[in-house]
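Protein chains in written order, with the working numbering: chain X, 803 to 1188; chain S, 803 to 1188; chain R, 184 to 544; chain Y, 184 to 544.
Since the hints were derived computationally from the structure, they do not count as laboratory data.
Please read all numbers here as calculations on a predicted model, not as lab measurements.
The reader is advised that the hints may include incorrect statements.
Calculated lysine-lysine pairs in the DSSO-like style (CA-CA distance at most 27 Å, straight line) [as the list claims (entries may be wrong)]:
#, chain 1, residue 1, chain 2, residue 2
1, S, K850, S, K825
2, S, K825, S, K864
3, R, K396, X, K984
4, Y, K429, S, K984
5, S, K1065, S, K825
6, X, K913, X, K825
Calculated Cβ distances over 10 Å to all of chain R for the following chain Y residues [unchecked claim]:
#, residue
7, R224
8, V363
9, A532
Ideal placement from N, C-alpha and C gives every residue a C-beta, glycine not left out.
The chain contents come next:
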Amino acid sequence: MDLRDGPEEAAFRRTLRAWLEAKVPAGLRGFRGWSGPAALALGRDWSKRLAEAGYAGLTWPKEYGGAGRPWRYQALYLEELARAEAPQHLGVIGLGMAGPTIIAHGRPDQKARYLAKILSAEEIWCQGFSEPGSGSDLASVRTRVELVGDHFVVNGQKVWSSYAHIADRCILLGRSATTDEKHEGLTYLIVDMKSPGVEVRPLRQITGEAEFNEIFFTDVEVPKANLLGEVGGGWRVAMTTLSHERGTFGFALAGALDVAVRKLVALARERAGADALVRDRVAREWIDLQALRYTNYRALARLERTGVPGPEGSVAKLRWSEANQRLTKLAIEIIGREAQVADGDGAPAYWRHQQLRSRGNTIEAGTSEILRNIIAERVLGLPRSR
Amino acid sequence: MDLRDGPEEAAFRRTLRAWLEAKVPAGLRGFRGWSGPAALALGRDWSKRLAEAGYAGLTWPKEYGGAGRPWRYQALYLEELARAEAPQHLGVIGLGMAGPTIIAHGRPDQKARYLAKILSAEEIWCQGFSEPGSGSDLASVRTRVELVGDHFVVNGQKVWSSYAHIADRCILLGRSATTDEKHEGLTYLIVDMKSPGVEVRPLRQITGEAEFNEIFFTDVEVPKANLLGEVGGGWRVAMTTLSHERGTFGFALAGALDVAVRKLVALARERAGADALVRDRVAREWIDLQALRYTNYRALARLERTGVPGPEGSVAKLRWSEANQRLTKLAIEIIGREAQVADGDGAPAYWRHQQLRSRGNTIEAGTSEILRNIIAERVLGLPRSR
Amino acid sequence: MDFSFSPEQDQLRTQARSFLEKRYPLARLAEIATSADGWDRASWPELARLGWTGASISEAQGGAGLSFVEEGIVFEELGRALYAGPYFSTVALALPALGCAPDLLAKVASGAFTATFASPAANASGAAVDGRRDGDRWLLRGEADLVPDAGLVEAFVVPARGPDGIGLYLAERRDARPLVRVLDTVDATRRLARVTFEDDDARLLAAPPAAAKIIAATRRRALAALALEAVGVASRALALGVEHAKSREQFGRPIGAYQAVSHKLADTYVETELARSLAYWAAWCIAEDDGEAELAASAAKAYAAEAAVAACERAIQVHGGMGFTWDHPLHRYYKRALWIESFDRSGAAHRADIAQAILGG
Amino acid sequence: MDFSFSPEQDQLRTQARSFLEKRYPLARLAEIATSADGWDRASWPELARLGWTGASISEAQGGAGLSFVEEGIVFEELGRALYAGPYFSTVALALPALGCAPDLLAKVASGAFTATFASPAANASGAAVDGRRDGDRWLLRGEADLVPDAGLVEAFVVPARGPDGIGLYLAERRDARPLVRVLDTVDATRRLARVTFEDDDARLLAAPPAAAKIIAATRRRALAALALEAVGVASRALALGVEHAKSREQFGRPIGAYQAVSHKLADTYVETELARSLAYWAAWCIAEDDGEAELAASAAKAYAAEAAVAACERAIQVHGGMGFTWDHPLHRYYKRALWIESFDRSGAAHRADIAQAILGG
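Here chain X stands alone, though its shape is the one from the complex (with noise of 0.2 Å):
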């Protein structure tokens, strides 16, 4: 047990620090949002360098151009790109879901033909997994898809999905056949967003704005080379998936939690020093900020012994979600009634906007409810509750 960086990991987060400091373009620190085209080509742009760098893949096997490190490198990389307040790589969905389950289950000409461009943020990949029926129960999905000659034929709607306004290519489960057991009869393709008959929407969220998509799919043809997988096959490929989404993602939501806890303090610094209900709750939200930074390590070092991520992500995100819908409350209630006033950049808006959509992190990418149930059925061996 030592909690310090080895010589190694220090000198990575020095290099990766000095880094950051240097290149972030001041328009991406503290961004709230891949929105608008200036914003995108700044991001492709950002990508592209961060790949240059050799931080795309960090823990990608070197063949397939990743860097071949250790899990805690990407820990390290995503501490330090929350404390510069950086934003991601463009193509999370590519690097943390798609790439992985390609890696597992593609093919060799499929690995050659997309996990290059994905590292170098050459085309951006989207999610489509849920549906307007189906939430919480994927198994349940209802796009239909067709093997008719040589391809198959997409037709359906999928909900939820973040970057589809951008993206050039998406993940998508589907429905091949009925089954009895429903979790039989899927079928995960690689879908080429430029495909006509492929229809993105956006969705307006609780703040204004529109983070995630809709994606119709209107007899879509997708060649048959883009099946991941066996045809019917598609819920093993779909687990590597969510796992891989599982690996390390505590560290982003710690790193993000980190940000937020420090602008609280600052906050409260500034306008409640003195009220010690303030006092007590900030300094409740800093213990939760430590304890999930050090959840994550341990999780962390099981991930490493065992190549296995364990409950550790389902408790982050858990976690995390709750405490960041408290602390942004905590900071409305603080800044009191000028926390109305939507427009301006100053702390009130801000904090207006972090409140509202902290009401989505309780529910996007696995809500509370199914955490717990993952929790008691997995890891305390309950019954099933449904």
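Assemble chains S, R and Y onto chain X, guided by the hints.
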């Protein structure tokens, strides 16, 4: 809408308050339970005085020896009792559960035999519903009731029975037949606690005291005349018992909470007057108390209009139990390390006892989980969760 | 002792519920919220005709001669329907001061006159506006901020510092004066504005020290009114959540069959009922000018606002992603709940007042 | 960066778990708690033989030469087994001061010597005991209250006011002096006592100002040790709750199939894991004398104590009436959790310290 006492109510309250001030024996003010023969003798005497002064069976019909008053008088009575920190009539199970059930389902000879002695506390009743294997799931009781000749024979075990150690009679729900629908095949009996084969064992609680009992029935013979309702019709009779429990239960709880909040306020004034966190929490408890109090008044108005207790009984039980747990814990937090000491007459020992005892509040008389089910299903019309 | 509504009061509620449900189905909320004014102006004469604007105004002055209990019923139902318009401003905030100008009360009752309260922070009792005598007129100068419905009303009740202390003045809006800048606020159904007075004409409603009493009464009314509105908001959010939980299926069952959903909704029910009890208590205290009115209004506002916020948050959670979208009406209820919570002061500040009353110190 | 235990450390845990489970099955808890001393005295030489009493004592002095991380593993496992005995008192509270008396360290390691810390309120750093020189001896006079395990140990480390300020003294127990009055406390497995010194002999361990540093280090160790113990308590309560939820049936299903039960237990799991992370962090900081040790110990104690209390409360609730009985072991875990929570100061006081560090003011 008028939140003031009407002239008749004000007179009743005034008389009762004066009577209580004059009559409550010193040894019974703020008492903690009917343990020990001395307390018991005091309690019987006290109950007899209450009955003689006309305060037993306030809402019972006059023909059965009650005062035939509207429900509000029972509410006033409970408020004043709490205010004086006076104990209730020893026969609460008889007055609030057995009596009303006999009035609703009993034969004339049963009414004549039992009701007057309930009021006068000559006979104390207890309840034999819960069993080790059936806590929340009352319909799963397994105590056997068999008709053999001209009497029933009872075999089985009951648990969580208050007053059983001093009771003369028991209302017992047992199984007389094995049926597909488990609510059928239940039979409701009046059991003489002095019968051969009845054994009462006190059940020691977390506080070290024994407030509840287990009752073991071994070949206990119960005359046929002691059947209440029909053989196999016990469920319906039991529902009458339970619905009466909820009648003005809320007022007893709000009364107890009122006493607790007043003691908490005194404690906080004395020991933590300037602590902003304590002040905030005390204010929360005070607000919750008012909320419970006025919810009870709304419930009372509805009960008087419709004759049927509304869902407020469940609401009151749910919130009182959680409030009592929170506020007793706040008290021991205010006291600090000294609250580890269990003996003595002062605030530390008093609050420690209350705090430990409060853990039972969310379990006894309907767990919080069952109460939330009831609200979800019966009030909100959501599907059954079981 | 009777904590129930009279048949007439029940009838008022039924009438209000049915009028508002017909006129403001959920589908219309977005249209109104995104309109220029954020108000269906044509509704105001109807509210007057229904007797709501003059509910507590005496019959002699054209009102219904009822009390704050009846106004409370209207507040609750308007909250439930998320009515956008200057009812809260006129009836809760302005009416106590307008009582000093009997000529205006008849206009309020008839629907010809609306007003709001323009304090420096829409809630403080101090004043950042100065009143100065100019012959037989008064002129106001200064700025009031976060003034509710300022863009909609005909006049402003203004606490301003005059030669003898803080008085209450009435500034009517004429020729685009005083200057009103409506802000871009989170709740588009009850907007806030900055109001700037630059020697604008005003009429003295109440001189010190009488003004202070009216300001205190205004605050109590406002808190109780918002508590009632919050109860309306919470119960509508609960109804939406319950409806969704009954119909939405996941894993082959309606999600309301899962305790993770149903117990959340049960908690919302419980908190809404408790908030309702406190709000009715506060309404009665205000109608009767009871000695507990201030404490009751503080307790009710603090509790009901937090209950409404929690009710909306749970309803959003129960709706899943859908509840988080702009197109679903829930966020508009949520934003109103947050508006209510932020008015005057936070729950913690109200609890500090209550602690002061019960603990001293 | 490696936040995992070494194979040797894992082995220590396995050994501790298996020893304690065999020796202290749940069924024995009541017997020990109700015994005269509240301690299975025969266990002490075995703890010494296992190397636990001397874990962080140097090998030269007969210890194992390990660190607080290893002691932490023992604290956690002792908490899990609800071990009753002066390990916390001797190893967490007394050891830092005993470092000034190398002759005693070997006796601690061999199990021949136990001690506790006798401050005026078992936690304050001030002193209500006076130390006075008498020739080449020191005499103590005064009273220490709520002293843990005072009835069990051979000696007391006493902060006492001497001629130059507060020093640390060692008073060994001889001929029933000093006077120890064991109190009737809620947690019978770690009793508290009042200790009265009436010119009792003592030996100076550390004079001011060195004593202040040792007192501060003692407090950090105590907080971290209790955080670890709390993690052990919480995880045992969780295990009991899970076991019951799997086997107890109501309405024809194991109660663990209801989310009202399973989600409660999931929350306990989450909080226990977070508490564990904080407690291990604090243990490492103390072992390394890291600059964050004080903050980490405060954070870990505050969080873990509350997590353990909540874990026990949820476990009791899941057990229903049975969990509320004297015969079930849960209440003993609960009472220990409450003991831990009350030690030093409440979570709120620790959070106030943390706020001071991060917010200033």
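Exercise for review: Could you grab the alpha-carbon distance between K396 (chain R) and K984 (chain X) and see if it respects the 27 Å cut-off?
Suggested key: Roughly 69 Å between the alpha carbons, so the hint for K396 (chain R) and K984 (chain X) is violated.
So if I understand the rule, the pair passes when the alpha-carbon distance is 27 Å or less; does K429 (chain Y) with K984 (chain S) pass? Distance ~23 Å between K429 (chain Y) and K984 (chain S) Cα, so the pair holds.
Non-interface claim for R224 (chain Y): all C-beta distances to chain R beyond 10 Å?
48 Å, holds
Could you check that no beta carbon of chain R comes within 10 Å of the beta carbon of A532 (chain Y)? 19 Å, holds
Would the pair K1065 (chain S) and K825 (chain S) pass a check requiring their Cα atoms to be no farther apart than 27 Å?
-> With a Cα-Cα distance of about 22 Å, the restraint between K1065 (chain S) and K825 (chain S) holds, given a limit of 27 Å.
Task: K825 (chain S) paired with K864 (chain S) [C-alpha distance capped at 27 Å] - done: 25 Å, holds
V363 (chain Y) clear of chain R by more than 10 Å, beta carbon to beta carbon? 39 Å, holds
Given pair status - K825 (chain S), K850 (chain S), alpha carbons within 27 Å: 12 Å, holds
Problem set entry | 27 Å limit on alpha-carbon distance, applied to hinted pair K913 (chain X) and K825 (chain X) | 30 Å, violated
Figure legend: structure checked against the earlier numbered hints; hints not met, in rising order: 3, 6.
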